[in-house]
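**Q** Residue strings, one per chain:
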Amino acid sequence: MTFTLKIWRQSSPSEQGRFVTYEANDVSPGMSFLEMLDGVNQRLLRSGEEPVAFDQDCREGICGSCALVINGIPHGPDQGITTCQLYMRRFSDGASITIEPWRAKAFPILRDLVVDRSALDRIMQAGGYISVNTGGAVDGNVLLIGKDQAETAMDAASCIGCGACVAACKNASAMLFVAAKVSHLATLPQGRPERARRVNAMLDAMDREGFGSCGNQYECEAVCPKRITVGFIAKLNHEYLRAGIVESGLPNEPESPYAESS
Amino acid sequence: MVRLFAHFQASVGKKMIMALTGLGLAGFVMAHMLGNLQLFEGPHALNSYAAFLRDMPIVLWAVRIGLLSIAVFHIGLALQLGMRNRRARPVEYTVHRYRQASIASRTMAISGMALLVFVGFHLLHLTAGVIDPGFNDRLDAEGHRDVYSKVVHAFQNPFVVLLYLAGQLGLGLHLNHAIASSIQTMGFEHAGLNRLLKALGPVIGLIVVLGNVAIILAVFLGIVR
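Protein sequence lines correspond, in order, to chains A and B. First residue of the first sequence: 1, per this note's numbering; consecutive thereafter. First residue of the second sequence: 263, per this note's numbering; consecutive thereafter.
Excised from the complex, chain A in its bound form (with noise of 0.2 Å):
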């Protein structure tokens, strides 16, 4: 198979970017739209170009790190796939493809298809834990969690902070990606102490970072690799109400909450 390949060249971060347009040779079906890319830089390589860089890591759909606007839709055409997952045979033969990288400015790009997503980590840094005494492991089955609660947590748990959500987002935002995690912590028993907290401080941290507010479109759930569906983001609101009221009522903190112990 032959692809005509439009993508998007950036050296360095201040530069400004362009599509620049490559041929794509010798593609068989069955190679992964990475694999793709790789014969495109042997060849680039070989010709003494700089190669195309792209974020990419396991290469099984795991650890979220593939990240490419491919046609307009992050993660390619499929549903519930990684940009590493998605195959050729999914094109047509002597197809036309754009591949551009993430965009938000929260996500600046530091190379052509690469950008930077640590402002999902700084989220995570905000409340995305939960607060653990050290010292021995806990025995096992002394927190009974319910069937539908470890399934909820679990579906929630699945996010791989891969970003496309933000990407497919009109606003930029990362409310899918906050919605994971929040849930995640809020529906299991090990969370609940800090719910209030954590989601204030997730959500402070992703207005700080400059993600746009949810427009419900749900364009977000449409590109998950995990299917995280926009339930969890009504929930996340839930929790966000719920700690609306609930800190309210409660007498003022001290400076850090944990900093107490004598």
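Accuracy of the hints is not assured; some may be wrong.
Claimed, not checked - Label pairs and their computed distance ranges (CB to CB): (1) Met292(B) <-> Ser11(A): 50 to 60 Å; (2) Ser118(A) <-> Ile279(B): 42 to 52 Å; (3) Asp204(A) <-> Pro395(B): 30 to 40 Å; (4) Pro77(A) <-> Met292(B): 53 to 63 Å; (5) Ser11(A) <-> Leu459(B): 44 to 54 Å; (6) Ser11(A) <-> Arg348(B): 20 to 30 Å; (7) Ser11(A) <-> Leu330(B): 20 to 30 Å.
What the hints assert, rightly or not - Far from chain A, some chain B residues (derived; all Cβ distances over 10 Å): (8) Ala313; (9) Pro352; (10) Val353; (11) His358; (12) Ser364; (13) Met375; (14) Val392; (15) Pro420; (16) Leu427; (17) Phe450.
The hints are simulated quantities; they were obtained by calculation from the structure and are not laboratory data. Predicted model, so just to flag it, every value in this text is computed and none were measured. From the three backbone atoms N, C-alpha and C, an ideal C-beta is built for every residue, glycine too.
With chain A's structure known, arrange chain B on it following the hints.
**A** Chain B alone, transformed into the frame defined by chain A:
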């Protein structure tokens, strides 16, 4: 209380205020449509309904000022969030394809602005009577202001009818996305009720638009005269 207000400074909090004010306006639009359907009961019913509303000026003006402030909050927050959302993606995609976003959800800003213009015209036209003041002071047989004749006169003009129908199109589009979206924003979600909740927008939107269009077309086609 101060902390409760501070809490809603985040973008999600602003969206919640937008959702609540929007639902308030949607409630008014429903009541407005139902009240106006009394046109079909004849001049007596509509004129005494209008007189009934005007007989309690304090309530009437409280509602009017309430609606105005709700609308100001709704529009103000829409602008604020809209500008924030624009800033969130400084460079647009060269190729962009939607996967499941409805037409209504993509045109919220346009339908909202169209509605604002339409409501402005409507207030000047039928409420304040600045546009086409011919029937403003006419009284009916019982000494009430003759709202009925004013409405019938208004919708015999094809340009007015076109404008109002366009306004209804904007209203229908806006409500179509708005109601289910507000419910989602207020954090209400239920696995069993989701389909019902999603249908609320289109159903309520359709009911309101059909009720209003019935009034406009009934007059225009000479069914009500």
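**Q** A separate judgement is required for each hint: does it hold in the structure or not?
**A** Hint check results:
Evaluation of the 50 to 60 Å hint for Met292(B) and Ser11(A) yields a pass: the beta carbon distance comes to about 57 Å. The beta-carbon spacing between Ser118(A) and Ile279(B), approximately 31 Å, falls outside the hinted interval of 42 to 52 Å. Range check, Asp204(A) to Pro395(B): Cβ separation about 53 Å, and the 30 to 40 Å hint is violated. Separated by about 41 Å at the C-beta atoms, Pro77(A) and Met292(B) break the suggested range of 53 to 63 Å.
Remark: the range hint 44 to 54 Å for Ser11(A) to Leu459(B) is upheld by a beta-carbon distance near 49 Å. Distance hint for Ser11(A) and Arg348(B): a CB-CB separation of about 27 Å, consistent with the stated range 20 to 30 Å. Between Ser11(A) and Leu330(B) the Cβ separation comes to about 54 Å, which falls outside the hinted range of 20 to 30 Å. Non-interface status of Ala313(B) relative to chain A is upheld: no Cβ of that chain comes within 10 Å, the nearest being about 42 Å off.
The beta carbon of Pro352(B) is not kept farther than 10 Å from every beta carbon of chain A, the shortest such distance being approximately 5 Å. With a minimum CB-CB distance of about 5 Å to chain A, Val353(B) fails to clear the 10 Å threshold, and the non-interface call is violated. The beta carbon of His358(B) is not kept farther than 10 Å from every beta carbon of chain A, the shortest such distance being approximately 5 Å. With a least CB separation of 8 Å from chain A, Ser364(B) falls inside the 10 Å interface cut-off, contrary to its annotation.
No Cβ of chain A approaches the Cβ of Met375(B) within 10 Å, the least distance being about 16 Å, so the stated non-interface status holds. Residue placement check: Val392(B) keeps its beta carbon more than 10 Å from all beta carbons of chain A (closest about 36 Å). Listed as outside the interface, Pro420(B) is consistent with that label: its C-beta sits roughly 36 Å from the nearest C-beta of chain A, beyond the 10 Å cut-off. With a minimum CB-CB distance of about 27 Å to chain A, Leu427(B) clears the 10 Å threshold, and the non-interface call stands.
Remark: the non-interface label on Phe450(B) conflicts with the geometry, its nearest Cβ contact in chain A lying 6 Å away (cut-off 10 Å).
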